[in-house]
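Go by the hints and put chain U onto chain P.
Listed in order, the protein sequences are those of chains P and U.
Taken in order, the first sequence gives residues 74 to 359; the numbers are from the numbering used here.
Taken in order, the second sequence gives residues 149 to 405; the numbers are from the numbering used here.
Worth flagging that the hints you see were computed from the coordinates, not collected in a lab.
All of these numbers come straight from a predicted model, not from anything done at the bench.
Check before you lean on any hint, since a few could be wrong.
[To be verified] FRET-style restraints, in silico, Cβ to Cβ:
1. P:Lys266 to U:Asp233: 51 to 59 Å
2. P:Lys253 to U:Arg219: 20 to 28 Å
3. U:Tyr228 to P:Lys253: 54 to 62 Å
4. P:Leu170 to U:Asp233: 21 to 29 Å
5. P:Ala91 to U:Asp293: 32 to 40 Å
6. P:Ala182 to U:Asn178: 52 to 60 Å
7. U:Glu289 to P:Lys263: 25 to 33 Å
8. U:Arg167 to P:Phe165: 55 to 63 Å
[Unchecked claim] Selected chain U positions facing chain P (in silico; Cβ < 10 Å):
9. Pro183
10. Asn184
11. Asn205
12. Arg219
13. Leu251
14. Ala317
Idealized CB from N, CA, C, for every residue including glycine.
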Amino acid sequence: MKQDKLIALALLMVAFSAVSGLALITVFIFKEGLPIIVKTGPGNFFLSSDWDPSSGNFGIFSMIAGSLAVTVCAMVIGTVFGLGLAIVLGEFCPPGLAAILKPVVELLAGIPSVVYGFVGVVTIVPLIRTYLGGPGLSVLASSIVLGIMVLPTVTSISMDALRAVPRSYWQGSIALGATKWQTTHMVMLKAAKSGIAAAIILGMGRAVGETMAVIMVAGNTLEVPHGILDPVRTLTSNIALEMGYASGQHREALFATGVTLFVIIMILNTVALVMARRGAGEGRTR
Amino acid sequence: MTEPAEIRAKVQVRDLTVRFAGKETLRNLNLDIYPNERLAIIGPASSGKTTFLRCLNRLNDLQHTFSHTGRILLDGKDVYDPDVDLAGLRRRMGMVYAVPEPLPWTIYENLVFGPRLAGFRDKDDLDERVERSLKSAYLWEETKDRLHQPAHNLSGGQQQRLCLARVLALKPEVLLLDEPCSGLDPISTAKIEDALVELTESLSIILVTNNTKQASRVSDRTAFFLMGELIEVGPTQQIFTKPNHERTDAYITGQFG
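Next comes chain P alone, as it looks inside the complex:
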């Protein structure tokens, strides 16, 4: 009995240190980052594109725009392919094939992001440069790479959402003379919509936070992009690229970039969680 209590205590401490780690990180980045936002003025910090640390200008608008552009385009790609895959695997292909394909898609999550970046630089960037023009390092290149990276998230969570729809809906609809496809898009997707929205938002969280692969293919210039072939710098790349040599205010400004990112991702995750819960609730009322 004494042993039980000891182990319980030890595990409790482990659990607490993990949680307090998160709390400490939060406190730390806010403590380091908030002063410079206040000093520069939130308007200047968030809405100016003038980022010139050596002369004390810290405006991150071009990076917010960059992150936004890359994320939105990546999610278009990720949603089309991820949701498509979920529908095919869940509703149309024979169970044997699905049993092989689903793990393969999930395996995509296990590939290190630097490898995605590398493949992007070697294959996608030259293709874009040759066939579409521009420097190749661009919003489009990053979106394609990120779109593939978020596939496992979008696919497996959407599949779970579709699977949570009562089978009787499907049967009922088929018996009323609906084809499989009509049933899928009029009944199944409609019933699973909050779960699917959660899948997309979680994928978005991944895309916003991804750093390494994006640094390698985005081009990292400090300008607001005007088209999908323009190079961009994202919030994450900015931190990773400059942290090595930053000091003083410059360092604080990078922390402030981190705070911005942190808040964006927190919002996305919370929304996803709420939607997923609501989806689960809908499933249970039956």
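Just chain U now, with coordinates in the frame of chain P:
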């Protein structure tokens, strides 16, 4: 059955054998269903009753392990012919399941879903179908003022009548019912049974039921299934009073099942 009777049969089942993953679930089944009749199918669990129903509107096709031999003719046309329009077939043979499964929409949307898919868009026509099918299912009085509320707010018995109405909105020719009253209270059951009796003015009904009393109350003829075989079929009166087969007698008198 005599020859002339065969010609006017609505559904003819000939030598139907069904296998799932090679295992026989139905063996050598021959059965006719006539226009405007109510045929009850009784028999113990796993005797192939539900499988039989699901063969008629080809719901079994959705299972990868399903295979069959033999023929099922609807108005003389094999439903397993390659050129059969599946959706159309399922509209002609409406099905009601044991567990009520309204779709997660309003009552009205549940009722017009099928007709809309079939290409009926006219608002007045749809409204007329809704009213007529709800009346036929004895549900109109209870729901006429709340057609646009979620169907899941209805009670279990009402949901099942909604499922019946939903099928009727398609004006089917044959109605397949798979133990439609198994989870219902006596009042709802009585309403559905009344509805079924009136409905045979315009269609044929095949009613699978575990409740032999229900079969004797509602049906014109009764078929007894056992272990995937049709043991006997005849006028309900005769099946329940002096069946030809001793196993039928044993089942009806409650000696097994």
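Cross-check of the supplied hints:
no. : hint                             : in the structure
1   : P:Lys266 to U:Asp233: 51 to 59 Å : 30 Å, violated
2   : P:Lys253 to U:Arg219: 20 to 28 Å : 25 Å, holds
3   : U:Tyr228 to P:Lys253: 54 to 62 Å : 18 Å, violated
4   : P:Leu170 to U:Asp233: 21 to 29 Å : 27 Å, holds
5   : P:Ala91 to U:Asp293: 32 to 40 Å  : 56 Å, violated
6   : P:Ala182 to U:Asn178: 52 to 60 Å : 56 Å, holds
7   : U:Glu289 to P:Lys263: 25 to 33 Å : 30 Å, holds
8   : U:Arg167 to P:Phe165: 55 to 63 Å : 24 Å, violated
9   : Pro183                           : 21 Å, violated
10  : Asn184                           : 22 Å, violated
11  : Asn205                           : 7 Å, holds
12  : Arg219                           : 22 Å, violated
13  : Leu251                           : 6 Å, holds
14  : Ala317                           : 9 Å, holds
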